[in-house]
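Asks: So the protein sequences, as listed, match chains A and B.
Per my numbering, the very first residue in the first sequence carries number 1; after that it's consecutive.
Per my numbering, the very first residue in the second sequence carries number 1; after that it's consecutive.
Hints in this document: simulated from the structure, not taken from any laboratory.
C-beta atoms are modelled at their ideal positions from N, C-alpha and C, and glycine is treated no differently.
Treat the hints with care, as some may be off.
[Stated by the list, open to error] Partial selection, computed: residues in chain B whose CB lies under 8 angstroms from chain A:
{"id": "1", "residue": "Arg2"}
{"id": "2", "residue": "Ser3"}
{"id": "3", "residue": "Val7"}
{"id": "4", "residue": "Asp38"}
{"id": "5", "residue": "Ala41"}
{"id": "6", "residue": "Val42"}
{"id": "7", "residue": "Gln44"}
{"id": "8", "residue": "Val47"}
{"id": "9", "residue": "Asp61"}
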Amino acid sequence: MTCEVLVLGAGSAGLAAAVTAARAGARVVLLERHGFAGGMGTASLVHTFCGLYLMGEEAVVANPGFPAEMEERMRGATGAGPVKMGRVWVLPQHPVEFVGIADALLEESGVTVLYHSEALRAEQDADGWQVEVAGRGGIFPIRAEAVVDASGDAVLAALCGAATATTAAARLQRPAYIFGVQGGGESGLAVAGRIVDGVRRGLLPKDALGLHFRASGRAGESFGTIDLTGAEEGDYDPLDPGCLARLEVAGRRIAATAVEFLRREAEGWGAAYVSQWPVRAGVRESRRWVGKQVLTGAEILNGTRHVDEIALATWPLELRETNRGPKLKYPENDRAAGIPRGCLIPRALERVFVAGRCISCDHEAQASIRVMGTCFATGEAAGRLALEARKPQATAL
Amino acid sequence: MRSAPSVEDVVAMLREEGIADLPAGFPAEGDLFAAGMDSMAVMQLIVVAEERFGAVIGPEDAGRENLGTPADLAALIGRRLAS
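Bound conformation, chain A alone:
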């Protein structure tokens, strides 16, 4: 199989990169380990788009192009507009709608999608990249002129030994565990009070503190969200399948215990049940690339702009180094910061571009740029960069 642009990962960033490159006429192959696109916004049930809007009185979309298009399509699908949460605007999104929008975008733009597959090996030669891909039928090669790594975990960097950075286990942002509930009753502060009371009385595990529910916009449905410690046994390591297994089990155990407790004690919860587990827990931070430029948290807080910026970062530093709730650090005067082009370009590799939560940045900046609204924007930019990197004869036509 050959293509001009190979995109690894069909999360927010990979979807944006693949659709952008395909619309410009490139032959694009998109690899994804799940059976649908959307990543955190679908497989992990993260149900708000953060980072779509500028901070301020009005909800104004920060990045034109793909992020604005997603905003419009999601509003059309759910009928819900932006909501102010504290000082920032978010757009409620529904994972099922996200899957449908992604299917339509990929089909309309002519992307060749390969679900249920993973990249295993990658080698560069004079003409581009040879990537070996594993599916259940076996291992097969794909030739590509340029690759976009939107894997979230800097998978391509690991496969070809390129420079990466990973925050120490104790400071990694803790993972979220989000599940679907049908038939919940009282919510918000009332449920918060109940849960603290349940923990105090020893009926709920301490890790249930922080569990909260948000209506999905569909009849009877809400999403419960917990932050996990990730350190159920040993250090938190989002790249270790054993650690991830403990994480998934811990999330399900806390969620099931809490819903059972609320059925007994909370108003209107008598017939509630867990209706959906996520495909995977919501990892916020793991391994990232080291690129030509490294975006810092200080630059985001100062609202620093760059001449070669490819998108705006508009989400505050949302630190979740513990599972006791977020610590938000807001930029000075609510200014947006620029993400320079060099954060999407590896330090020493040609024809590779990075998008999404594993772009080149420090731990603090990652706490801002990881959100889906920003991933749409870095994905679109990586798709454009990959187009420019195609072989000269292809671009000359």
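We have chain A already, so just place chain B on it with the hints.
Replies: Only chain B this time, still in chain A's reference frame:
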């Protein structure tokens, strides 16, 4: 028995524990929810109020009328210490 906290004590607690990122001079009647406090932060608040002041805030207290401003919160903590 511990004494009821002042509004300043409550604002200091909210800041130090990272429950709400309050600007300097945040008023006693300022809206904590508009300042970014959500139901998740409220859980932390209930735990911290018990640790710091020994006030047990029950599920029936968890409403905007009791938690909405630093002044409301100081009053609630005072009542839960007295009871």
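Asks: Output the numbers, in ascending order, of every earlier hint that fails for this structure.
Replies: 1, 2, 3
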